[in-house]
Structures are given as structure tokens and as C-alpha cells.
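K.L.:
Sequence:
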Amino acid sequence: MKNFARIAAVAVVAAAGSAASADVILTFGFNDLVGSYNNTTGQFAAVNGETDAFSTSGDVTSFVGMGGTANYLPGFASGSVTLNIDVTNKVGNTADGAGSFSIVDADGDVLSGDISGTWNTPGFGVYFFDGLLSNVQFSNSASTFDGPSGGSFDTFAGNFEGALVQLFTAGNSGFFSSDWRDVAVLVNGNIVPAPGAAALAGLAGLVGLRRRR
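-11 is the number of the first residue of the sequence shown in the working numbering; add one for each residue after it.
It is worth saying that the hints were derived from the structure and are not from the lab.
All values derive from a computational prediction rather than experimental measurement.
Keep in mind that a hint or two might mislead.
Calculated cross-link-like contacts (lysine to aspartate or glutamate; reagent style DMTMM-like; alpha-carbon spacing at most 25 Å) [stated by the list, open to error]:
(1) LYS78 <-> ASP102
(2) LYS78 <-> ASP167
(3) LYS78 <-> ASP170
Based on the provided sequences and hints, a complete structural model is requested.
P.N.:
Listed below in C-alpha cells is the structure:
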């Protein structure tokens, strides 16, 4: 997965060039989410895992005010990470995707938002997703966002935008042509004040990928 992360970083740099001018206010990134796809409903899902095979880890980092990082170490018991993205309009090696994400902290505070973007594959079972985030906000907030494994930061009000990338391999079963499950998924997102997400299209994974090498 680390090699694929480097490939993704190179790809987004090449695509975006020097377009990233918006100030990033928050990042998140998670390794080894448990991915699945239902070909009947056209629904992709990724959730945190707590097993030896899928021991999800990651963090949410704020750059607002004093900043801080909420940590999610492997096997974290409280909190959760969930992504649901529809797969539509499949043409060749691309498809549209729209859905949502939510990240829950140790005591029930939620960071969530909507996702829209594009699925791509170069073949060999490798899947990329790059898209924009909208309606990103904190809810059920107790004033701080607390990592299940320690660390926290002050939450802040507002409705934000951003960008997100995903990377995983799902075997050579064709591009979203059959059911699959138990696939390790890497996801990274950057959040910016609205408007400004367009400047980050293709760059969502860079901060998170650098922090996780």
C-alpha cells in the first residue's frame, strides 16, 4: 500500500501543478479501511476495521487556532470512519461517484460531508478515486474533537469544502463489474474554507501521504 500511496502522490502533483493556493484548515487520512462493493446496488463502502487483517489507523489534524491532532491508532475501539460512494455512468475505465463520509471521535462528535468525483483505473485491479468535498462540518460537537487514541483539537463552526483521494486494489475482476469485499483502502482528505476546494482538486492526499510514509 505504501508504494501505491507514492504513485498517487506523484499522479496528483502532475495533474494539479501549482494550483494549490487555498489554505488548508484540516486534514484527515486513514490506512487499511475495509472496502467492499455491491454490484447490484452500485454502492462502494469503506469502514474502519478492528481485526488483525484490517487494523485501521489514521488521524484528523486541525490547523485552526492552536491546532492539534486526533489520533486513531491501529485497532481503535471507540469512534468510527465510514465512506459510502455510489458508482454510476461507467464508461471504459472511468465512472462517476457521489456519496458521503463521516468520522466520529471518541465521544460522539462527528466530522462529515458530501463527496463527488471520478473513479479511474489503469488496470491490474488498481482503483483511484479523486473528488471534491462539500457541506463539510462538525456536528454533535462537545467543543473538542478527541482521538480514540489520544490527542484533540477545538472544533469550529462553519460549512467547508475540500478534496479527497482514495486508492486500493481489488483484484482483476474487472472495473466495478462484480461484488467484492475485504479490500484495504487508503483515503486522504484536505479541507479548506469555501470557496477554494477547486484549487485542491487532485491534491487532497499530499499532506496525509507525506505524514504517513
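K.L.:
All hints, please: hold or fail.
P.N.:
For each hint, the structure was consulted:
1. LYS78 <-> ASP102: With a Cα-Cα distance of about 21 Å, the restraint between LYS78 and ASP102 holds, given a limit of 25 Å.
2. LYS78 <-> ASP167: holds (15 Å)
3. LYS78 <-> ASP170: The given pair, whose Cα atoms are some 22 Å apart, holds under the 25 Å limit.
Hint check: no violations occur; every hint is consistent with the structure.
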